[in-house]
Structure formats: structure tokens, C-alpha cells
Amino acid sequence: KQEVTQIPAALSVPEGENLVLNCSFTDSAIYNLQWFRQDPGKGLTSLLLIQSSQREQTSGRLNASLDKSSGRSTLYIAASQPGDSATYLCAVRPMDSSYKLIFGSGTRLLVRP
Amino acid sequence: DAGVTQSPTHLIKTRGQQVTLRCSPKSGHDTVSWYQQALGQGPQFIFQYYEEEERQRGNFPDRFSGHQFPNYSSELNVNALLLGDSALYLCASSLGRTHTDTQYFGPGTRLTVL
Numbered sequence: 001k002q003e004v005t006q007i008p009a010a011l012s013v014p015e016g017e018n019l020v021l022n023c024s025f026t027d028s029a030i031y032n033l034q035w036f037r038q039d040p041g042k043g044l045t046s047l048l049l050i051q052s053s054q055r056e057q058t059s060g061r062l063n064a065s066l067d068k069s070s071g072r073s074t075l076y077i078a079a080s081q082p083g084d085s086a087t088y089l090c091a092v093r094p095m096d097s098s099y100k101l102i103f104g105s106g107t108r109l110l111v112r113p
Numbered sequence: 001d002a003g004v005t006q007s008p009t010h011l012i013k014t015r016g017q018q019v020t021l022r023c024s025p026k027s028g029h030d031t032v033s034w035y036q037q038a039l040g041q042g043p044q045f046i047f048q049y050y051e052e053e054e055r056q057r058g059n060f061p062d063r064f065s066g067h068q069f070p071n072y073s074s075e076l077n078v079n080a081l082l083l084g085d086s087a088l089y090l091c092a093s094s095l096g097r098t099h100t101d102t103q104y105f106g107p108g109t110r111l112t113v114l
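Those protein sequence lines, which keep their order, are chains S and P. For the first sequence, this note's numbering gives the first residue as 1, with consecutive numbering after it. For the second sequence, this note's numbering gives the first residue as 1, with consecutive numbering after it.
Please keep in mind that the hints were generated in silico from the structure rather than gathered at the bench. What you are looking at is a predicted structure, and each value in this text was computed from that prediction instead of being measured. A virtual CB, placed ideally from N, CA and C, is assigned to each residue, including glycine. Be aware that a few hints might be false.
Pairwise CB distance ranges (calculated) [unchecked claim]:
#: 1; chain 1: P; residue 1: L39; chain 2: S; residue 2: E17; range: 37 to 47 angstroms
#: 2; chain 1: P; residue 1: T9; chain 2: S; residue 2: D27; range: 33 to 43 angstroms
#: 3; chain 1: P; residue 1: N77; chain 2: S; residue 2: K42; range: 16 to 26 angstroms
#: 4; chain 1: S; residue 1: D27; chain 2: P; residue 2: A38; range: 16 to 26 angstroms
#: 5; chain 1: P; residue 1: L114; chain 2: S; residue 2: T58; range: 44 to 54 angstroms
#: 6; chain 1: S; residue 1: S12; chain 2: P; residue 2: T9; range: 42 to 52 angstroms
#: 7; chain 1: P; residue 1: P8; chain 2: S; residue 2: P40; range: 32 to 42 angstroms
Construct the entire structure; sequences and hints are all you get.
As C-alpha cells, then:
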């Protein structure tokens, strides 16, 4: 059974710091992995989608990597800003159940001015 | 280009009642998925609709049912509400023909059961 874990559950950093959020999954048989941002009480905004054949994706100050064999992904945020404060969720699309996403519980990020 | 829309935004019901939530997919998308997100948790997959039929279902009881209309919009119905059904209900749309498409989420409906 696929399980997705995100560590740490919460993170507080000063503005300007570079930071890394971690996501691990137990079964490497996935089609892709997606990172989302969620502001309090709101829906999910897709940040990056990495297909299983890819190693990384970049968008602006965000870079996500995928190591499928080890069951790990990282989201790197460069030069963090207070506006980056939100919960970041990763989700995998498993090959044995390909129509659904399986989510981690998220990392709650606070960037202090 | 309108994204995924959901209605209502908030809803308060009492135990035992029934509720219907609505979702309109992003323009050009034909597939709708529903997720339940409890406070402090990641979303949990309820089911997905494609070509007006339930294509896959998660681990939710039969009290949760849905429908997809010819215009691809969808409804989620929950009968005999329990306190534990209080959550944010998210709708996601995609193009359902591949396993690699991006799912786009709506703003959600916050359901409170008293």
C-alpha cells in the first residue's frame, strides 16, 4: 500500500533563506509526483509536476527533484519570502491505481519577515 | 479561462441530513475527481467520474455518491451525515485519457456537521 510522508510537519525560517522540503513514498511504481501549495482554508495550487522519467522540474524560485528508486522527492525554495508562507503538499500517482493521487500530510511553512 | 469552480463555499448541516456539493471543471477537461481533506491532513480520494460514470472509488462508504453530467460538471452527495464528515471537500479536474495529466483543484467547499 502506497504511503506518502512529509517531514518536517512544520518549518519556520527567516526571510531570504533557501530551504528544502522533503517527501518520501513507499512504492516506486508511480506515474508522476506533484507538488501543491495550499493557503489556509483554500484549495490546492499546482506548483510542479514531475513525470516518473524525469529527475527534476523548475519554475521560478522553485525546483523539485525526484529519485524514484529511493522513493524521495525534494522541493527547493530559493530566497524565501513571507508570501511563500503556506502548506506544501506532495502527491504521487501510483501505477496500481492510476486515477487517484495519494497525498502526504503536508509541511506548514512560515517565512518570518 | 475559468478554472475549477465549486459551490457552495461553506455549508453547515446537522447530523443525519443530506448534502449536495457541486463542481464545474476547468474548460476543456472531461474528468472530475473528489477529495475529502480533514483539518491538518492531506486530501483523501473519494472517487473519480469520467464519461458520466464512476471510474474509480476510494475507501469511502456508500453514503458518498456522485454524478457527472453531459457538460462534465459533477455533484457529490453525502447522505446520513456524521460529525466526522466535517471537512474541506475538494474537486479536481483533468483530461482523463492519460495517466500523466495534471490535476487542477478548485477552492473547495467547507462542510461543517453539527
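To see whether the hints hold, each was checked on the structure:
no., hint, result
1, L39(P) - E17(S): 37 to 47 angstroms, "28 angstroms, violated"
2, T9(P) - D27(S): 33 to 43 angstroms, "36 angstroms, holds"
3, N77(P) - K42(S): 16 to 26 angstroms, "24 angstroms, holds"
4, D27(S) - A38(P): 16 to 26 angstroms, "23 angstroms, holds"
5, L114(P) - T58(S): 44 to 54 angstroms, "46 angstroms, holds"
6, S12(S) - T9(P): 42 to 52 angstroms, "30 angstroms, violated"
7, P8(P) - P40(S): 32 to 42 angstroms, "19 angstroms, violated"
When held up to the earlier numbered hints, the structure conflicts with 1, 6 and 7 and fits the remainder.
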